[in-house]
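Peer 1: Spelled out, the chains give:
Protein chains: 2
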Amino acid sequence: MNGITLQSSMYSKAPPPLPLVLGWGEQVPPATRFAPLADSWTLHSGARLRKGRIAYETLGKRSLNDDNSVLILTGLSPDAHIASHEADPSPGWWEKMVGPGKPIDTSRWFVICVNTLGSCKGSTGPASIDPDSGLIYGHEFPELSIEDMADAAAQVLDHLGIAVSACVIGTSMGGMSALSFLVRHPGRAASHINISGAAEASTFAIAIRSLQREAIRNDPKWQNGHYTQDDYPLKGMLMARKLGVISYRSAVEWEGRFGRRKLDPTLSLMYSKGQQLYEIESYLNHQAHTFARSFDPNCYLYLSSCMDRFSIKDEPQADLSEGLAPAGLLRALVLGVDTDILFPPEQQQDIAEALSKNRVDCRYQCLPCTQGHDSFLIDYSRFGPQISRFLRSI
Amino acid sequence: MNGITLQSSMYSKAPPPLPLVLGWGEQVPPATRFAPLADSWTLHSGARLRKGRIAYETLGKRSLNDDNSVLILTGLSPDAHIASHEADPSPGWWEKMVGPGKPIDTSRWFVICVNTLGSCKGSTGPASIDPDSGLIYGHEFPELSIEDMADAAAQVLDHLGIAVSACVIGTSMGGMSALSFLVRHPGRAASHINISGAAEASTFAIAIRSLQREAIRNDPKWQNGHYTQDDYPLKGMLMARKLGVISYRSAVEWEGRFGRRKLDPTLSLMYSKGQQLYEIESYLNHQAHTFARSFDPNCYLYLSSCMDRFSIKDEPQADLSEGLAPAGLLRALVLGVDTDILFPPEQQQDIAEALSKNRVDCRYQCLPCTQGHDSFLIDYSRFGPQISRFLRSI
Chain A
1 MNGITLQSSM YSKAPPPLPL VLGWGEQVPP ATRFAPLADS WTLHSGARLR
51 KGRIAYETLG KRSLNDDNSV LILTGLSPDA HIASHEADPS PGWWEKMVGP
101 GKPIDTSRWF VICVNTLGSC KGSTGPASID PDSGLIYGHE FPELSIEDMA
151 DAAAQVLDHL GIAVSACVIG TSMGGMSALS FLVRHPGRAA SHINISGAAE
201 ASTFAIAIRS LQREAIRNDP KWQNGHYTQD DYPLKGMLMA RKLGVISYRS
251 AVEWEGRFGR RKLDPTLSLM YSKGQQLYEI ESYLNHQAHT FARSFDPNCY
301 LYLSSCMDRF SIKDEPQADL SEGLAPAGLL RALVLGVDTD ILFPPEQQQD
351 IAEALSKNRV DCRYQCLPCT QGHDSFLIDY SRFGPQISRF LRSI
Chain B
1 MNGITLQSSM YSKAPPPLPL VLGWGEQVPP ATRFAPLADS WTLHSGARLR
51 KGRIAYETLG KRSLNDDNSV LILTGLSPDA HIASHEADPS PGWWEKMVGP
101 GKPIDTSRWF VICVNTLGSC KGSTGPASID PDSGLIYGHE FPELSIEDMA
151 DAAAQVLDHL GIAVSACVIG TSMGGMSALS FLVRHPGRAA SHINISGAAE
201 ASTFAIAIRS LQREAIRNDP KWQNGHYTQD DYPLKGMLMA RKLGVISYRS
251 AVEWEGRFGR RKLDPTLSLM YSKGQQLYEI ESYLNHQAHT FARSFDPNCY
301 LYLSSCMDRF SIKDEPQADL SEGLAPAGLL RALVLGVDTD ILFPPEQQQD
351 IAEALSKNRV DCRYQCLPCT QGHDSFLIDY SRFGPQISRF LRSI
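For the protein sequence lines, the chains are A and B, in the order given. Under the working numbering, the letters of the first sequence match residues 1 to 394, in that order. Under the working numbering, the letters of the second sequence match residues 1 to 394, in that order.
It should be emphasised that the hints constitute simulated quantities derived from the structure, not laboratory data. These numbers come from a predicted model, not from an experiment. Be careful, since some hints might not be right.
Each pair may be met inside one copy or between any two copies, as identical chains are not told apart.
Stated by the list, open to error - Here are the computed lysine-lysine pairs in the DSSO-like style, where the Cα-Cα straight-line distance is at most 30 Å: (1) Lys61 with Lys262; (2) Lys96 with Lys221; (3) Lys357 with Lys313; (4) Lys61 with Lys102.
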């Protein structure tokens, strides 16, 4: 495990020691815990992964009869630090949603947030060090799939000794890996919340993501994945992230928020020789710079491609309800947003209908948020009560 | 005029001689005619343009009392060859719309299609040769605005000796320059058809276009505009055009047309190390390669920026109807498409309402086409009858 000592007790409150050996692209929050992956594990592609690990954080306390765990699978970019807790009081990426008295109430639930396999936030991925070579995997990392993320999450439950999770929650890409978890590990979840997820990528989403990957690969500094921190494909990452932000938000939000406001009205007649004229350009730039150095480019390429290739259906022509038949759930909540262009609400409706066909007690809600795909990270007034009500009912 | 002989008679049927000196990025159809621009013309930015010319083609015959001219202003990429005619029998970019018996019926109308100022298809632009230096303008071309395109079009009418055009038609960016023409040259058009145009760019459109320009500038071969044919920013242009195609079409069209069909089913588990897996990727690639070498990158940067900066309103808070007040039109037809994300139908509705407030007899129609912004180039069954009916009524 690359010099990493796994925590000796699953109940240990002290954060585990940080791994001694990290690839330079890896950025791991301090309270991260690690579960070992099956050694020489055969991935969905048939490739093998040696001595892998999966990063997670837990919040709240396990009940005596182990019936209160909520497993959370994330989108592309988050780490396992979902919200502040004793071992790491810094705010997490879903701070307003998770905690005592919050919609995902840690005074009742034992929350396990898993960092995606293939990410650079603690779980093994292209930014990790290959135990065989001692070098960073980079572009030589084995072929990865959403199914592997699901199987890795199941191994976190194994590691913790939890047979059945009360609820599996997946957001965005995590909505894909959660569906995969349900059908590949039937019986290991009693209920499910799918937030702005999909059973397979839309054509439009594939188009956008293929351009994001092209932007990174086009950057001469990408060097077929052999970049360094000092010689980093920053321009490619900025372009990829800006494209991402365009697909994560909505035209209607931006019209109201930025409109045509200029950064400097005196520049009004200037031809834009590279300088930014409008607030929207400055916003995109800021968002992109915040992200571009915090996420490993090779990891980005791998996770992005996983989303394109995922489908819960065995055959393209199959009915979605057949693909979801093994899930064996009792109840589900499926949430989408009417301004989402990346995971449009029709996709969540499809999931809900397929679950209902499989006799899952399923509620679907398309929320009228303006922030597009990212709404679940912003519009707590709409998402919070939905999630809270569902979790109180199970 | 760089060795160009302008046609001696405006009624000459023979195509004018091709210009002897062209910048290498300029690509001029054989039947193109040229009108000289006012020498040392002061542009909207205050910069001056020396010895410019504007390219156009004409179809049909002028009536004796000169009341049958239809002036057509185009989107970013087209040249002046709108449809086949005697002097150039090759198909034009709007072949099915313009010709004898077609919606824009050249047995009745004298059609003048203007190549946009700043383009590389015959009109003076960044790809042209600077008469002062003898070198290609490139990135040193004067600052350009939509208003200049409108004024240049008026100079084509001057050159032809036409006082009033029966109808000014503008598509896409041409819808912007047509509105500018109407308010800057009141009384020179009796009616107007605005197709998928806008009175100002939306925030979303600015965002998309700023990324397209960034993609070109990011390409190391762009070299601040000093590229050559042999050392050409192809990757940047491909990326810019792919982004363009994403914004020109629609998710609903692609879902039906390409879905998730793979180019090679055996590649299903491959991590996409640059290769294309899906038909949608191959489609984008093909579309981009068709365009990338046919349009000059510097011209693209200039025209793209013009669209961002254009607003028919003097002040951001002004009412659109004030901006359009000088137009002095009798009748107008405004067409949009419900799947257009780049020039969304709300923008055409705004134009129609503003014209109506100014007592223009204005009809607005939002057409249910699936091909997004590009629908007017494809869906003739919906656009043709609308345009045909309007032109028959004037």
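Peer 1: If a hint holds in the structure, say so; if it does not, say that too.
Peer 2: Here is how each hint holds up against the structure:
1. Lys61 with Lys262: neither (50 Å within a copy, 46 Å between copies)
2. Lys96 with Lys221: neither (38 Å within a copy, 46 Å between copies)
3. Lys357 with Lys313: within (15 Å within a copy, 54 Å between copies)
4. Lys61 with Lys102: within (15 Å within a copy, 75 Å between copies)
Against the hints set out earlier in the document, violations occur for numbers 1 and 2.
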